[in-house]
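Undergrad: So the chains spell out like this:
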Amino acid sequence: MNYYESADLKRFAEVGKFRKDLMDKFFDYYNSVTGVDGALTKREKALIALAVSVAKQCPYCIDAYTQACLESGANPDQMTEAIHVAAAMEAGMTLVHGVQMQNVLERMDA
Amino acid sequence: MSMMEIELPLLSDMPTIHDPHYDFEAYLDRYNLVLKPSIIDTLQINITKLCNQACRHCHVDASPKRTEQMNETTLRQILQILAKNEEIKNVDITGGAPELNPFFDWFVIEAKKLNKHIMVRHNLTVTFDGNPVTGESKRYLPEFFAEHNVEVISSLPYYQEYFTDKQRGKGVFSKSIESILLLNKVGYGTEDSSLHLNLVYNPAGAFLPASQQSLEADFKKELWQQYGIRFNNLYTITNMPIHRFRDNLIRHGGYNDYMEKLVNAFNPVAALGIMCRTIISVGYDGTLYDCDFNQMLEMEIQNGVKKTVFNFDYKKMLNRSILFGSHCFGCTAGTGSSCGGATV
Chain A
1 MNYYESADLK RFAEVGKFRK DLMDKFFDYY NSVTGVDGAL TKREKALIAL
51 AVSVAKQCPY CIDAYTQACL ESGANPDQMT EAIHVAAAME AGMTLVHGVQ
101 MQNVLERMDA
Chain B
1 MSMMEIELPL LSDMPTIHDP HYDFEAYLDR YNLVLKPSII DTLQINITKL
51 CNQACRHCHV DASPKRTEQM NETTLRQILQ ILAKNEEIKN VDITGGAPEL
101 NPFFDWFVIE AKKLNKHIMV RHNLTVTFDG NPVTGESKRY LPEFFAEHNV
151 EVISSLPYYQ EYFTDKQRGK GVFSKSIESI LLLNKVGYGT EDSSLHLNLV
201 YNPAGAFLPA SQQSLEADFK KELWQQYGIR FNNLYTITNM PIHRFRDNLI
251 RHGGYNDYME KLVNAFNPVA ALGIMCRTII SVGYDGTLYD CDFNQMLEME
301 IQNGVKKTVF NFDYKKMLNR SILFGSHCFG CTAGTGSSCG GATV
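Protein chains in written order, with the working numbering: chain A, 1 to 110; chain B, 1 to 344.
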């Protein structure tokens with residue numbers, strides 16, 4: 001047995017075994033955000049969710065949103081661009097901390 | 001019963017037609033659905049299993065090696081049925097590549113004389129590939145279709161090369177684009193033309209189609225911008241878990257996941273629109289079936305004796321009981337699936 005089992009994704013709702021009211025509120029919110037076309041289409045939302053899934057390295061979400069992207073009509077080019085956006089953001093967020101480093105260098109007159 | 005309660009079968013134990021783990025009729029009962037034929041307005045005839053292609057998802061298992069052909073006697077009998085039954089307004093000719101039946105051209109001309117609407121499931125590439133057995137050219141097809149006002153329905157799994165070639169073979173996308181351009185040139189696909197060209201999308205894998213409306217908009221935009229192509233409608237079709245596609249799923253361990261996906265997406269409204277309620281499917285030897293999928297699974301219409309075009313009786317066919325199997329979940333998932341696309 002692994003810590004992550006793909007079959008566990010289907011058991012997500014079981015988290016509501018205790019304090020079901022809170023889980024119900026979560027699913028309500030989650031489905032309202034991701035499950036319908038709004039100002040963003042379901043496809044655009046699925047691509048964002050895929051990018052977030054990869055950035056946060058959640059195997060359940062990567063599985064679910066790879067499928068959701070395909071089922072909303074996205075193609076591998078679009079999906080790959082989405083995860084590159086995540087990767088570029090991660091790189092940017094790392095590099096922008098270089099300014100902190102520069103600040104320290106300046107403060108130390110180095 | 002939720003899918004979580006299902007104990008999944010061993011792959012080697014999986015029955016082809018009635019898999020008790022995916023019991024379609026139990027779902028009809030659960031939703032109090034009694035699906036009977038409503039009218040028979042279409043004869044869908046499968047006139048050959050010969051094809052110039054051998055696509056990964058083909059439920060017919062068609063290929064250049066197949067030899068089954070509908071003969072002239074059977075085709076003449078179908079013409080008699082069409083002449084006698086005004087209710088049957090549409091003839092949907094499929095295969096294989098139906099143009100590879102030696103009587104195809106003659107049959108289209110004769111059926112047209114009976115004022116029937118003719119649809120041909122045209123794979124686009126046969127125009128360039130020709131007959132893989134005889135080498136006969138099929139370059140005349142666009143003009144032939146236009147001359148006889150045939151509705152052309154063609155599979156194009158995606159508006160890009162990757163998904164299309166992955167499913168239908170290397171080089172199919174570019175050949176299909178050239179073929180559609182030829183159809184456009186003779187008048188197909190423009191809004192003011194009576195020559196209709198409809199494209200068919202099916203997913204390039206074990207997933208459900210996106211909404212027909214949104215995919216049609218994508219296809220129209222991309223194909224126009226990239227290639228200057230026009231077409232009328234896009235039909236989205238769900239991959240059926242039978243034959244070649246099913247075998248691939250089993251080989252890659254995805255059969256149960258796919259069946260669960262179809263079952264979880266069961267839509268009773270889509271079920272009301274399934275195509276077996278309005279068509280009769282005819283096999284190359286004249287045997288009658290509820291749909292092309294039942295035909296490929298050899299689920300013959302029985303009602304006492306085997307039904308063929310030679311004992312066809314419209315009223316009896318209208319009152320028949322439709323045969324269902326686990327594959328029928330493919331037609332009722334999400335927005336539904338039929339030879340004319342989504343049913344909801």
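Hints in this document: simulated from the structure, not taken from any laboratory. A few of these clues could be false.
Claimed, not checked - Straight line, CA to CA, 27 angstroms or less: simulated DSSO-like cross-link-like pairs of lysine-lysine: (1) K45/A <-> K36/B; (2) K25/A <-> K56/A; (3) K221/B <-> K36/B; (4) K45/A <-> K138/B; (5) K138/B <-> K170/B; (6) K36/B <-> K306/B.
Undergrad: State for each hint whether it applies.
TA: Hints, verified against the model:
1. K45/A <-> K36/B: Roughly 40 angstroms between the alpha carbons, so the hint for K45/A and K36/B is violated.
2. K25/A <-> K56/A: Within the cut-off at roughly 23 angstroms; holds.
3. K221/B <-> K36/B: violated, 39 angstroms
4. K45/A <-> K138/B: violated, 45 angstroms
5. K138/B <-> K170/B: holds, 20 angstroms
6. K36/B <-> K306/B: Holds - the C-alpha atoms of K306/B and K36/B are around 19 angstroms apart, at most 27 angstroms.
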